[in-house]
Amino acid sequence: MKYLAKDLMVPIAEYATVSKGATLLESLLALEKAQEEFTRTGYSHRAVLILDKKKRVMGKLSQLDFLRVLEHADEQIDRNNDIGKFGFSPMAIVRHRGKKRGKGVSMGEILSTAANFKVEDFMQSPSEGEYIEEDTPIDTAVHQLTAGLHLSLLVTKGREIVGVLRMADVFAAVFHSMKESESRQ
Amino acid sequence: MKELEKLFNRIVQRCNINLRELTHNVTPFVQDIVAPDQMTKFYAFYGITPHHPLNFQFRHSNLSGSYFLGKCQVTNSLLYKSDIRGDELKKKGDLFRYQGFEIPITRDEEIRIEDSLLIKTLVHNYSHDPEMPEKFFIRDTISTHYANIHGSPCGGSFLGPFSTVDLTTMHDCLIGAFSYIQAGEVTHLKINPGTVWVRKPEAFNFLYRYPFERLTPYIRFDAGAQPKGIFIDFMENYKEAFQRIFNVVNIEPSVSIPENASLDRFSVIKPKTRIGENVLVAQRAYLQNAWLGKGANVQENGYIINSRLEGFDITAHGAKIIEADLDKNVFVGFNSFLRGRPESRLNIGRGSIIMPHTIVDIHEPLTIPEGHLVWGLVTDAKDLETHCISLENLSKVKNVLSMGNMVFEGSGADFVWAFRQRIHHILEENGAFFDGNSKEGHAQRNQNISFNTIQPYPKGDKEGLYPTIIIQP
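Chains as they are written, first to last, in my numbering: chain A, 1 to 185; chain B, 1 to 473.
Here chain B stands alone, though its shape is the one from the complex:
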């Protein structure tokens, strides 16, 4: 265990050195965040498919309960129950378009994790950094529970619980709990908890800040304590259901699945669930009495409970949908928490966009009309008035729009267009439009995955460390 402790201290020091300008000491936040015996308890596993280039290299690291797919190297790092999903990495011969540049990709892209601690973190997508298109790096970084590092190379940064960095290169930043950052490139920034920021320079800039006192019941992360709040309690409630699927070697799906749909072997499916054509359900997703229409998808840590998704709906990484009915083409962004009640259901109209990190938590029935954008915290119809705008009206904004804690600047039309493009791209990547011959995506390609497990040294100074493992075709 000595080696593991040394490694932990080294990672924390490296992160602190990078964050020294922000005068933030991460040590009290992570000192006891994962009990050492937990780091040795769980096996790691990797997937092999005929569709994804294979190259796993693990050195001097702990990988407890983590999952790997695609090309990935992990060195001097601790990964606890994290998903490193490299199924969207660029491939040799691809052309990476960035602003006016067309960058040829000369070798398969790899995820490189060095000197980092990732706890229950999802790493997905590909590097959007034009300076490093073939290397999706994460170094000297600590990320905590249910954070998402999505298409975002990171260096010297700290991510609070339920935070997301999306399509952004990040250096030496501190991202507060439940914050979402999509800004291209950020350096030396301290972001308060509950910040939702989407910026495309020269085009648009969207910012929403949760009132601190209204966010803390949902998520709070203080020095010397574990993260707590409704989000953590929610995840803990369903923990047991996942333990069973990780303990069993062969597991048969409990519902029938169309040939063109994909239900990950490490997802939990409870009774009364219906899976439509071209549906994708990722690992660590949870479905209970869920009706998923054609082309719908549920990403990692997504929960659909007593809800109906009509079709071509996107449940992004970490989003939860409870007691809700979604019409077609609804987008629910990262880590959003949509909770109706059995007698007070939530209805979301066709084509509406729920911004990443939105909370809708209601005790009275609520309808979000079709074609609307929703953000922030909504607990009733009155909240909705200041946290919602029709996409048509937003498209007319040409300079500044300020509503409550939200401020938008730039072209509303560009913002709506960018979202619609991305939604279409996500559906396409996930195979929602597969017609039996073409437009294949994850739903079709991820059906045949072989899983292998790897384990660490069981005792001694190296207890918890995995030996150097290289897995290649």
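Just chain A, same shape as in the assembly:
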């Protein structure tokens, strides 16, 4: 494969970002705005980057993180809803919560509480294996994505983050290369 990280990355300027201190609702609006740009840029967005005062990336909120926030809001409204840590199966948790929700906390309350949470309280800070230099070949990126179970990597140029390399784009490139190589034989 001839691709480098920078060939497949989404440039940071085209990615959904919010500043530290933004609320969850503000980050969702930023994501929505980035999605509206989808037809122009060709990128679909599944995460929001959180920037510090110096505009450096300090974390990321994925779709799964957004959903996890709802769980936390549920627990904050009813402090006894954190039953996940007691060793119950997902089925038992779902049934118990479903039964309680019918009588107690509504989804509206949960959404309203979650909307005002600060993004930095729920973002994932990038770990060492989530950075990749822009000139790195894609096969190294494949290794980083699979070893760390990451959905994307932050692409760097020196000390600066210049883009996001998403698993979907890497997959498409690998798939395309495989097809091309097979057809040549």
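Possibly wrong hints are sitting among the right ones.
30 angstroms max Cα-Cα, derived DSSO-like pairs, lysine-lysine [as the list claims (entries may be wrong)]:
1. B:K200 to A:K85
2. A:K100 to B:K382
3. A:K99 to B:K190
4. B:K328 to B:K294
5. B:K239 to B:K272
A few chain B residues that face chain A, going by a derived Cβ cut-off under 7 angstroms, partial list only [unchecked claim]:
6. W197
7. R199
8. N205
9. L207
10. V400
11. S402
12. V407
13. E409
A few chain B residues that don't get close to chain A, going by computed Cβ distances all over 12 angstroms [unchecked claim]:
14. Q99
15. G100
16. L167
17. D325
18. R339
19. D383
20. L391
Don't read these hints as lab results, they were simulated from the structure.
The beta-carbon is built from N, C-alpha and C at its ideal position, and this holds for glycine as well.
Starting from the structure of chain A, add chain B where the hints point.
Relative to the frame of chain A, chain B by itself:
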């Protein structure tokens, strides 16, 4: 007193270091929890019997008002009015069964308390940790008023008032007030107040959480304040009655006791009390107008007031039964608070199980039918509908049962079986089935105990510290 303060600060720091991952600072909770002069005021005492191996070793510790029985070592610790009851420790030659293992016990088990602060805490039973079957350790741990550490080695943990850790090895955990944990092994867990959790992996899992606002009138523990609420007020009401029995050297029982029953010398017995055969009444228990039928027992900090227990009933550590009538074979779990009123008595049917840390506090008469399991907070018949299930119906549960704040998963039949086994074991250990020759238990073995007292340095830098004391056969 300087040494005592240094020791206190050292214990608090060690506990905080262990709990750093939970970002919990115990300092404001314990800073003024026991006035320093209280730590020097009371003597400690230990029991000697022909039935229990003897080895007490106390080093660089304060033991104010605490009681010791069986093999026990205390080092760099502060024990305030705590009961360290080592009469169920494993003995050399025993076989400890754990899952598929049969572990031979090569020396007598010992309770080892190190770098810990225990306030009005009960330590009882034996280590259920298969990795350390001969050492029941409590280290870098702080436990507060009326906590129970029952068969549960603990490291780096904090136990709130009226909490219980039962048959569970615990590392670096924070247990909220009035929480009950029986889960085999727990690490780095923060448990909210009023959590009742009984789990046997691969078999069953029971969880009940008290609504915070309904629990706080009973017990509340905030930083910088003493624990408060109905439970604390209740204990304070009867404090004076206990002061008298600790101040008197020789005390004669005020009621007649059958030869095969045992009434601890440090229990309070008020008039109109009747003690049946094979009854066991432990130290710091309180009986007032109590009718105890054959084989019934009342454990430490158990209160029976204006109540009748027909027989083979268990009042576990810290349980209170007031204005109630219990049919035979009723189990009342740890720290449960069952309060009827003179005109609104509580009736509990034969064979029912009151889960540990249950509150039944009624102003209208209430009957719990026979063979039922009750949990949580019940103040009337309506509450009972969502906090009670027949053992027969529970036995039919095979996956998930959710009722109010309670969730159960697993085999209901296994859960009921495990409880029944344990109830039988407790009755057996306590001598409820003694037939005059065999099946002897605590009720028969604890009759002849000699008590000796020990005291700390009265003044100077070491004021409140006990000198190193080694007591062996």
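Each hint, compared with the structure:
1. Note on K200 of chain B and K85 of chain A: the hinted pairing holds, with a Cα-Cα distance of about 15 angstroms set against a maximum of 30 angstroms.
2. Between the alpha carbons of K100 of chain A and K382 of chain B the distance comes to roughly 18 angstroms, so the proposed pair stays at or under 30 angstroms and holds.
3. Of the pairs offered as hints, the one joining K99 of chain A and K190 of chain B holds, with about 25 angstroms between alpha carbons and a cut-off of 30 angstroms not exceeded.
4. Distance check on the hinted pair: K328 of chain B and K294 of chain B sit about 9 angstroms apart at the alpha-carbon level, within 30 angstroms; holds.
5. With a CA separation close to 20 angstroms, the supplied pair K239 of chain B and K272 of chain B stays within the 30 angstroms bound.
6. Interface restraint check: W197 of chain B against chain A, minimum CB-CB distance 6 angstroms, threshold 7 angstroms, status holds.
7. For R199 of chain B, the suggested interface contact is upheld, since its CB lies about 6 angstroms from the closest CB of chain A, less than 7 angstroms.
8. Interface restraint check for N205 of chain B: the shortest CB-CB distance to chain A comes to about 6 angstroms, inside 7 angstroms, so the restraint holds.
9. The criterion of a C-beta within 7 angstroms of any C-beta in chain A is met by L207 of chain B, whose closest approach is roughly 5 angstroms, and the hint holds.
10. Given the 7 angstroms rule on beta carbons, the hint for V400 of chain B holds: about 5 angstroms separates it from the nearest Cβ of chain A.
11. For S402 of chain B, the interface hint holds, since its Cβ comes within 7 angstroms of a Cβ in chain A; the closest pair sits about 4 angstroms apart.
12. With 7 angstroms as the threshold, the beta carbon of V407 of chain B comes within range of chain A, its nearest partner Cβ sitting at about 4 angstroms, so the hint holds.
13. Hint on E409 of chain B holds. Least Cβ distance to chain A is approximately 4 angstroms, under the 7 angstroms limit.
14. The Cβ of Q99 of chain B lies farther than 12 angstroms from every Cβ of chain A, with a closest approach of about 17 angstroms, so its non-interface assignment holds.
15. Listed as outside the interface, G100 of chain B is consistent with that label: its C-beta sits roughly 21 angstroms from the nearest C-beta of chain A, beyond the 12 angstroms cut-off.
16. Residue-level check passed: L167 of chain B sits 16 angstroms from the nearest beta carbon of chain A, beyond 12 angstroms.
17. The beta carbon of D325 of chain B is kept farther than 12 angstroms from every beta carbon of chain A, the shortest such distance being approximately 33 angstroms.
18. The beta carbon of R339 of chain B sits about 24 angstroms from the closest Cβ of chain A, which is more than 12 angstroms, so the claim that it is off the interface holds.
19. With 12 angstroms as the threshold on Cβ separation, the claim that D383 of chain B sits away from chain A holds: the shortest Cβ distance comes to roughly 15 angstroms.
20. For L391 of chain B, the condition that its CB be more than 12 angstroms from all CB atoms of chain A holds, with the nearest at approximately 21 angstroms.
Of the numbered hints given earlier, the model fails none.
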